[in-house]
Amino acid sequence: MQKQEAVVRPVSGALGAEIFGMDLTDINDADFERIRELLLRYLVIFFPDQSHLTPEAHIALGKRFGEVEVHPFLPKVEGYPELALIESDKGGKADEWHIDVTFSPNPPVASILHLVTCPESGGDTMWSNQYLAYETLSEPYREMLDGLTAVHVLKAPEVGEMKAEHPVVRIHPETGRRSLYVTRMWTSHIPQLSRHESDTVLQFLFEHSEQPIFNCRYRWQPGAVAMWDNRATQHLAINDYSAYRKGQRVTILGDHPTGDAPRWKNYERRGDERYYPRRVNARAGY
1 MQKQEAVVRP VSGALGAEIF GMDLTDINDA DFERIRELLL RYLVIFFPDQ SHLTPEAHIA
61 LGKRFGEVEV HPFLPKVEGY PELALIESDK GGKADEWHID VTFSPNPPVA SILHLVTCPE
121 SGGDTMWSNQ YLAYETLSEP YREMLDGLTA VHVLKAPEVG EMKAEHPVVR IHPETGRRSL
181 YVTRMWTSHI PQLSRHESDT VLQFLFEHSE QPIFNCRYRW QPGAVAMWDN RATQHLAIND
241 YSAYRKGQRV TILGDHPTGD APRWKNYERR GDERYYPRRV NARAGY
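Note that my numbering has the sequence shown beginning at 1, numbered continuously upward.
Derived lysine-lysine pairs resembling BS3-like cross-links, with alpha carbons at most 25 Å apart: (1) Lys76 with Lys246; (2) Lys63 with Lys246; (3) Lys76 with Lys63; (4) Lys265 with Lys163; (5) Lys155 with Lys76.
None of these hints come from the bench; they were simulated from the model.
Could you put together the complete structure from these sequences and hints?
Structure representation (structure tokens):
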């Protein structure tokens with residue numbers, strides 16, 4: 001019996017689409033190619049009514065994209081080390097705009113999140129289209145950014161310090177489009193600029209990239225699945241609820257972000273030039 005064609009309903013003008021009529025526990029090669037195509041087009045795609053999705057099928061879907069992550073410190077679903085457990089009462093509230101794990105040399109390609117339990121109201125998640133964030137900048141500003149890199153840093157008791165340097169503007173390896181690749185949660189500084197110049201440029205880019213015109217917002221229902229392209233989006237989980245929320249996430253291991261080669265050497269301090277950081281993650285020691 002031939003499968004029915006999936007129905008696609010865009011969520012916003014900027015990005016995002018809901019996909020109806022596709023069972024993620026029963027994906028053939030044609031279904032997967034359709035999913036990949038929709039993900040590249042809409043950047044984040046949602047599959048309502050997937051309560052029957054099993055851990056095995058969830059992991060298998062992730063493995064179609066590539067090698068899946070075994071997260072170094074997030075809790076796991078018992079018996080499934082590839083399946084990270086995200087619980088609201090155990091710190092699982094990422095309520096700041098971010099791109100996942102940019103402090104790694106090879107950040108994740110994509111994530112697939114299955115919401116098992118969610119509050120009756122609140123707890124929506126937002127995504128932002130970083131292609132549009134880049135493309136709506138003026139030409140002189142884009143030209144400057146194309147020659148810069150940024151340092152991304154994590155400091156956590158579980159892993160110590162992790163740090164990586166990536167292009168400020170990333171070129172997507174599949175679409176060839178350029179997107180902003182800095183994030184309020186992890187980006188420390190732009191080493192080619194003075195630290196105060198870096199703070200000013202990054203603060204502008206953070207505010208610019210998070211604008212509502214680039215966003216979609218998704219209202220979760222139990223059993224829904226979201227899949228997003230981590231190479232061209234940021235996301236934020238809105239912390240406006242107190243009820244229990246649980247999700248299970250598979251993350252596909254990453255590639256190496258590429259962009260234009262830096263056109264300037266790193267900035268060197270002059271004499272006794274001082275730096276007084278005004279942003280929480282722009283620490284002088286980085």
